[in-house]
Structure formats: structure tokens, C-alpha cells
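Undergrad: Each chain is listed here by its residues.
2 protein chains.
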Amino acid sequence: MRVFCEGLELSNAVSIVIKATSSKTTNPILEGIKLKAEGDYLILSATDGELAIEKRIMADVKLEGEIVVPGKLFSEFVRKLSAEQIQLVLDDRNQLKIKYTDSELFIQCQSANEFPTVKQIENAQFFELKQKDLKEIIDRTIFSVATDDTRPILKGCLFEQDGKTLTSVALDGFRLAIAKKSIKECSAESSIIVPARSLAEISKLLDDEEKDVRVLIERNYMMIVLNGTKIVTRCLGTKEDFINYKQIIPSNFASTITVAKSQLLSALERASILSHVGGDNSVKFEINNNIMQVSAKSEAGTVTEKITISLNGEDLTIAFNISFFMDCLRNIASDYVMLKLNGQVNPCFIVPSENEEEYVYLVSPIRQVY
Amino acid sequence: MRVFCEGLELSNAVSIVIKATSSKTTNPILEGIKLKAEGDYLILSATDGELAIEKRIMADVKLEGEIVVPGKLFSEFVRKLSAEQIQLVLDDRNQLKIKYTDSELFIQCQSANEFPTVKQIENAQFFELKQKDLKEIIDRTIFSVATDDTRPILKGCLFEQDGKTLTSVALDGFRLAIAKKSIKECSAESSIIVPARSLAEISKLLDDEEKDVRVLIERNYMMIVLNGTKIVTRCLGTKEDFINYKQIIPSNFASTITVAKSQLLSALERASILSHVGGDNSVKFEINNNIMQVSAKSEAGTVTEKITISLNGEDLTIAFNISFFMDCLRNIASDYVMLKLNGQVNPCFIVPSENEEEYVYLVSPIRQVY
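Just so you know, the sequences run in chain order A and B.
Just so we're aligned: 45 in numbering that gives the first Met the number 0 is position 46 of the first sequence, and the numbers increase by one with no gaps anywhere.
Just so we're aligned: 11 in numbering that gives the first Met the number 0 is position 12 of the second sequence, and the numbers increase by one with no gaps anywhere.
Excised from the complex, chain A in its bound form (with noise of 0.2 angstroms):
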């Protein structure tokens, strides 16, 4: 292998595989990332075994040839070199050298020959839709994943598209979310469960306000391509195995309430500061007329807030998990709020104002201790 590239390109590409690349891993080879010379590119890829990213760059191809370099050592080196042209050569003994201006680095380097192939995809289903749409709803539903091992299909959300709409739901037993937008194109109908560690880096990439982006599934693998990038991930299922999240949801509530989303949030962060300290990380919300007492107590000492609301239905006491809590009022971006609540042994659900049609939330209550 001998290539030229161009440096502040190496150093992009370079930035965007790295996050495919394992740390926490038996294979030392998984830690690496595979640079590939052919033809006009040089093709730079990475893989965990469950997500792979590849991105190629044009290159002055002098002779072909791959290589897997170190991932963490190749990548901060890159990314402090100023040169504009980086030479890239291999010797017989799988040592790298970079050459920029008068200067050299040599690195020991791994053979491709035992670099996982990244899957390709080629006759798939698809579903297009604007890369901000998608980057919204990987957004409001991923943190409510589970992230213990007892049940693996509920660590990815769940995406199903039939045909006009998208909708991601990620649940872990004491809560769930619910996000929906419209796509623009489609071959059929899908659905797939996709492990939350790819989504969030899937979400990273997705940077363009109003560029599409089209995602192939096949089979078990949904693939994604974008600016050249490729990320193709493992997936966890279809729908036939997630939990049937829609009988969950009544159609009638006792208690319709609505306040003022950035007020019940100061107030929840309050109570959560004395919460955490020897707490048990609860809020109880006592419902009364139109006002709501929000309290927390713990060793440290007992907070008590009254908010104005506005209630329709019955008065309630009711108490949560605090962090749960505002972990969907920080991801809903409309000024007031609708909790929806059925008494005080189910669920609230959370939905916003605006916009009400496009996510809902669902926090399970908790025994109230005080």
C-alpha cells in the first residue's frame, strides 16, 4: 500500500469510524480501524461486531494494499497533524508510515486478513425521511431503553413504518416512549428493533437540518448511508418480538392536568438535589383543585413546591421516580405539558401541548413511602 491523501479529510473520516471501534473487547483487532487503497479511495472502516462504520475518501492510489492501524493511537495522531498532504506507506513488515512534511511516524500495525467483513446490503427494503425528523425520534425515545441484560430486545427501540409514518418506542419496564414522524418514500412496510449503543452514534452523524436520509433494512441488518459514510448495524428483532406497547395505552383518564413544562422542571430539579442525597429518588405530586404540591424528603431535609395547574377531572396523590421524570420533560420541547393519569396506582402519561400526536410518554408510579 502507498497513498496520498489529503490530511484535514483523513482526520474527518477518521473521527467518524473511531466511534465504531470497541474498547471494552477480547479482540484486540476490533480496537483497530482497516484502511483500505483502491482504486481512487482510501476506504477507512470499524467495527464493534454489532455496528460497523465505513467511510472512503478520494486518494492518490500508488499501490493497493490494507492494513488495520491502532484505533486510539492513529486517530489522535491525525487529528494533530497541520500538513496538508499525508503520505501513507506500507512496508513487508505491517509497519505504517505516515509521512508529513519533513516528519515521519512508523506504527505497528495488525493484518486485514482477520478484520471482520462488514455486511453489505443491496437488495433491501427502504424508508426515506428528513435526516432531522429521524435524529428527533432516535432522540426522545432512546433514553428510555433498558440497560440491564435481562431482557436484550428491550436495549434497542423499536422502529416500525407503515408506509406513511415512522414510530420509535423504547420501554424498560417503569417507563416508555413513543415517537412518531412521517416519512417521505418507502419499498413496504418495516419494522425492526435497533440496539440503542448504534442509535446514539447513528444520531451523532445525523448533522443536516434538511437533507434526507434513506435506511435499508435486510433481514436483521439496517444499513444507513450518509455523506459517504455507511453504518450498517446487527439488529435485535422485529416487532414480533418487542412487547405490544399499544394495549398499554387507555383511551380514558380520571385526571387531565396542564402546567407549565419549565416550571414543573425547576421544581423537579430542586426536589431531585435533596432527593439524591440519602434519598429515595421519589417525588410525590399531591393534586389538589388547581394547585400541585410537588415534595421530595430525605436525611438531608423535605422540599415542597406549589405549582398553579390547570386540572380537569379527579384530585390525586401520586408518587415517581424523580429522574425518570424529568428525563421526558427535558426531552419535550413545548412550553406546557398534559399529565394524563388514571389514578394513583397507574401510569402518567406525559404528552406534550403542541404537537400532541408526535410522542407520548408513559412513567409507571411508585409506592408512596410517606
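There's no promise every hint is true.
Just so you know, same-sequence chains aren't split out, so a pair can sit in one copy or run between any two.
[What the hints assert, rightly or not] Below are the PhoX-like pairs computed for lysine-lysine, each with C-alpha atoms no more than 20 angstroms apart in a straight line:
#	residue 1	residue 2
1	180	96
2	260	305
3	210	183
These are computed hints drawn from the structure, not numbers from a lab.
Assemble chain B onto chain A, guided by the hints.
TA: Positioned in the frame of chain A, the structure of chain B alone reads:
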């Protein structure tokens, strides 16, 4: 105690005094902030036994009194308050009520009787200089203090004031930093060794470019008063207890090099990436005529960079701890630096090419391992 004060002022005051609380202490009262309502003021103070910070704010005191609040909880809570007026009321069971708008927080507090008194300094020696200048000489030397406990006096900077100039000196056995600034006024010559932890907090509080600051010294204590904030620190001794650093600096050098600072620093940053991966954290300089070759080696690879310099004197090959060398360069503002050397076993002196008299760094060489 019953007192009204302004929320934002209280929040600012708490964010300043909290820096003197101790988080790793066996004495829980040192994690607290003492509030004292007296006259027209609420006085906040905190100490870790070495450093003490006291700040007074205007308050409407209805009933005088004092109490120690849990520092972290109180600070986090007060920071989240948007209310303009806050009422603090202490009951007879050491519970403090914080009332804001329609809401209230009760926190369990400790009696102020156990709280250490902050040393009062009255008939002291003093000197005055620009806040900016004091900040600069702290920042330019503090990184060179010793971090282990084998020689406790080396955990501080020696402040030496001769009526015209304030000199700050820090050394840890491997490197030495000296910075000087003119003073404006003084009562007499003085010298004191100030703990680095106290200086770090003082540096953060010196935010006014143009205003002067008065430094007071009384026996083993140093005090600074800044916009109503009083900072008192216990010190580690005087120049008699310190190392006689003046004899370390030779008057002649065999090799003097002038080099562009940013170019050398960039080369070292790249070399350090390699050097940190299974390397010994060393860098080698091979000075030959007007070229300095900077190289580092580790199990991951080797890097070699060539930098154009101007050399006055002998050629030389010498090795250093790369982090120590970078620490110095990062603290130098001028575009060019001079490296002054006497062979490969004597220290390197690093001085800026502008304002040469204001600071000098010394770094000891290490044995070359390759």
C-alpha cells in the same frame, strides 16, 4: 436567625465560599458553610483547615444568629433558585427553612459552635500588585509544585517580595519554575510559602484585569481581600525553609537554541501520543546545526520530526520527560522560546524570547534509553 436576602447574590456568594469546603475530611463540619446573620449582613464562610474563604452580602436581618448548612446540598439548591427574594429562618432544632416564592425547603443543619474560627489578620505586612499580575505568576509556576508528601514545603510556591518585585518559585526536584512581576506598594520585604491548593483557588477569584489586590502576611498566614471576599490561608514556611534555588542557575551555557514555540509544542504533542502508549514518556532532541530532530519511541511505533532552529554553540543530543517539557511551553505566551543547555546531563533552561526577565523554567534531562 431570620434574614431576607437577594437570591442571585446568595448564589454567587455560595459558589465562592464552597471552594474552601473539604470533601475528603473526617470532620463533617468542614463540609459545611457557616451562615451568620449580623448587622446588615449575611456572612458566609467555609474552611478546610488550611484555606478559609469568607464572603459577606447585604441582608435584611430580622433576628441575628448563625448555623452551618451542608455545603454541597445548599450550594446546588441555591444555584437552582430563580426567586429574587429568599428568606432564611432557623428554628430551635437546627432546622433551616429556605422560603422562596410559594415554596419552602427545610434542611437539617449543624450548630456553628463546632465550626473553626477563621484566623483574623490585622497588624500585617502587605504588598499590592495588579490582580492580573498576581494571577499570571501563580499560573506560571503552580504546575511545577511537588505532588507527593516527601517534602511538604515543595507542595507550595515560594512568594518572595523584595520591595520592588514579587517572585514566585515552584520546584519538585525534576523541574523548577520562576515567575516575577513588579509590585506597586509594600510595607516591608517578605517571603512566604503558599500551598498550591490555596493558590489555585485564589487564581480563580482574580478576575479583574486592571484592579489591584492587596496581599497581607502575618506570621504563617497570608490573606487577600477581593470585592468583599476574604481569603485566608495557612502557609508552609518562609524562604529559610525553602530550597536555595538561586544557586541552581548557571551564568554560562554551552548551547543556546531559539525555536518557534508552537512548532515545538505541536511536535511534542504528536510525539506524546505515541510516548504514552507503552512508552516511557520520554522525548529525544538531537540538535545538529540548525536542525533539531525531535523523536519518541514506544511499543506502538516511532515518530521523528525535524524542526528548523537557530543554534548558538555546541551540537547536542539530550532527552526529557515529555509532559514536563510541554507544561512549560504551554505556559509561555511569546512566539519564540530559548532553550539554554550545558551538555546532556545538566538541566535545560526554557525562557521566553520576549519579557525574558519575567520567567524561566528548568527541566532536568533523563537518561536516554534508546
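Undergrad: All hints, please: hold or fail.
TA: Taking the hints in turn, this is what the structure says about them:
1. When the C-alpha separation of residue 180 and residue 96 is checked against a cutoff of 20 angstroms, the pair qualifies neither within a copy, at 48 angstroms, nor between copies, at 47 angstroms.
2. Within a single copy, residue 260 and residue 305 get their C-alpha atoms as close as 14 angstroms, which meets the 20 angstroms cut-off; across copies the closest is 59 angstroms, which misses it.
3. In the homo-oligomer, the alpha carbons of residue 210 and residue 183 lie at most 20 angstroms apart inside one protomer (12 angstroms), although the nearest pairing across protomers, at 62 angstroms, exceeds that limit.
In summary, the structure is inconsistent with hint 1 from the numbered list given earlier, while agreeing with all the others.
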